[in-house]
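Protein chains in written order, with the working numbering: chain A, 28 to 303; chain B, 151 to 275.
No lab work stands behind these hints: they were computed from the structure. One or more of the hints may lead you astray.
[Claimed, not checked] Pairwise CB distance ranges (calculated):
1) M109(A) - K210(B): 33 to 39 Å
2) N144(A) - G269(B): 53 to 59 Å
3) G182(B) - I276(A): 19 to 25 Å
4) K270(B) - D150(A): 54 to 60 Å
5) A92(A) - G269(B): 26 to 32 Å
6) G269(B) - Q131(A): 37 to 43 Å
Note that this is a predicted model, so its numbers are computed, not measured. Virtual Cβ for every residue (Gly too), placed ideally from N, Cα, C.
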Amino acid sequence: MQFRFPVCTIVVASVLAAAIGGARAHDEKKYPDLRGQWRRVGSAEWTPAGQKPPLTPEYQAIYDAGLKDQLAGGHGTEPSYMCLPPGMPRAMLAYTQMEVVVTQDTTYVLIDHINDNRRIFTDGRDWPAEIEPSLRGYSIGKWLDEDGDGRYDALEVETRHFKGPRAYDTTGLPLHSDNQTVVKERIYFDKADPNVFYDDITTIDHALTKPWTVTRTYRRSNDRRPEWLEMNCAEGNTHVHLGNENYFIGADGLLMPAKKNQAPPDLKWFKQLKKE
Amino acid sequence: MRLEVVLIASAAALAAGGTAMAHHSFAMFDQGNPIEIAGTVVEFRYTSPHSFILVDVKGKDGASTVWNLEGPSPSILARDGMSAKSLKPGDELVLTIDPLRSGAPGGAWALIKTKFKDGKSISGQ
Numbered sequence: 028m029q030f031r032f033p034v035c036t037i038v039v040a041s042v043l044a045a046a047i048g049g050a051r052a053h054d055e056k057k058y059p060d061l062r063g064q065w066r067r068v069g070s071a072e073w074t075p076a077g078q079k080p081p082l083t084p085e086y087q088a089i090y091d092a093g094l095k096d097q098l099a100g101g102h103g104t105e106p107s108y109m110c111l112p113p114g115m116p117r118a119m120l121a122y123t124q125m126e127v128v129v130t131q132d133t134t135y136v137l138i139d140h141i142n143d144n145r146r147i148f149t150d151g152r153d154w155p156a157e158i159e160p161s162l163r164g165y166s167i168g169k170w171l172d173e174d175g176d177g178r179y180d181a182l183e184v185e186t187r188h189f190k191g192p193r194a195y196d197t198t199g200l201p202l203h204s205d206n207q208t209v210v211k212e213r214i215y216f217d218k219a220d221p222n223v224f225y226d227d228i229t230t231i232d233h234a235l236t237k238p239w240t241v242t243r244t245y246r247r248s249n250d251r252r253p254e255w256l257e258m259n260c261a262e263g264n265t266h267v268h269l270g271n272e273n274y275f276i277g278a279d280g281l282l283m284p285a286k287k288n289q290a291p292p293d294l295k296w297f298k299q300l301k302k303e
Numbered sequence: 151m152r153l154e155v156v157l158i159a160s161a162a163a164l165a166a167g168g169t170a171m172a173h174h175s176f177a178m179f180d181q182g183n184p185i186e187i188a189g190t191v192v193e194f195r196y197t198s199p200h201s202f203i204l205v206d207v208k209g210k211d212g213a214s215t216v217w218n219l220e221g222p223s224p225s226i227l228a229r230d231g232m233s234a235k236s237l238k239p240g241d242e243l244v245l246t247i248d249p250l251r252s253g254a255p256g257g258a259w260a261l262i263k264t265k266f267k268d269g270k271s272i273s274g275q
């Protein structure tokens, strides 16, 4: 009992010393104010209006076949209908509300949707020797003070080490199956409107004939206390993939065909019961 | 060349369908041949990633079929003034839907094309 005070004091002092010695100061004034809720401006189509995706002939044919399948009731080369996260670069379509949290070592882009969240490391690290591939990839970023006023104006990001399948949008616009994609981004802020930022997204991919840059725009909600809705793809997804076919769940919870004259799935593993 | 033009147009149309949608194409719903149905709400599922309205539709022979209609995500509906309480079982609706291409009783609903039987907006706006 008589030692409680001194022991507590030592513990607190140790914690404080460790905190002071180990932490680097995070000067918030150097970073842009990204608080609030952000939403995509414009459509959820990756290809800008009037442009044609610079796909190789091989991948153009794959894309065309996927579009035909979609018009027949399938999903073509669109992989997310079963709640697979879209990964990069598609995550930056910001299907749902987006929050950007800036810390000194990491910038977090939080888009719940189907776990579209991103982690951009800004602590000066190099690429690790081994990285487990992922749909979102591994992102390293660097803040830039381009006009030398002591405040950061832009964040440059490079993302590598992907796995698939991934597509750019719901049309199934495909990325190469070798997953050697490199995504380079330049995120910068509207000088006249603090509620707008841009992301120049350059995709380098073997399905493309050249690097492809598109610019996405995001606007901050006027609502100071916006609602952050929970997203949970498993909750309300009625699209099922069995064998090589996709089906739709009906109101009664039973499988329905998604395509005209579609055969039912193969039930060979079920013991067939004769109806009386 | 004609096929290419058709596919580019298709891609644009499919993507446009995805504007209000999220994780999948809505091309499985025949947007080129919408149909009008009238019925009674069995359940309104204000779920992510997409909402659903289950509507009991009476056929000409009096038999009823419950249609499963997929719609926008709650995050989009909320911006239009909708909530989980906007529809309740028993509400009578008139909807112009994009039906499943298979002909099964399913389809896609849109806020702008869904009204109460008396013509009022279901969002209250």
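Going down the list of hints, with the structure as the test:
1. M109(A) - K210(B): 33 to 39 Å: The hint (33 to 39 Å, Cβ to Cβ) holds, given that M109(A) and K210(B) are roughly 37 Å apart.
2. N144(A) - G269(B): 53 to 59 Å: 42 Å, violated
3. G182(B) - I276(A): 19 to 25 Å: 24 Å, holds
4. K270(B) - D150(A): 54 to 60 Å: Holds, since K270(B) and D150(A) (Cβ atoms, about 55 Å apart) stay within the stated range.
5. A92(A) - G269(B): 26 to 32 Å: 44 Å, violated
6. G269(B) - Q131(A): 37 to 43 Å: For Q131(A) against G269(B), whose Cβ atoms are near 56 Å apart, the range 37 to 43 Å is violated.
Violated hints for the displayed structure, listed by number in ascending order: 2, 5, 6.
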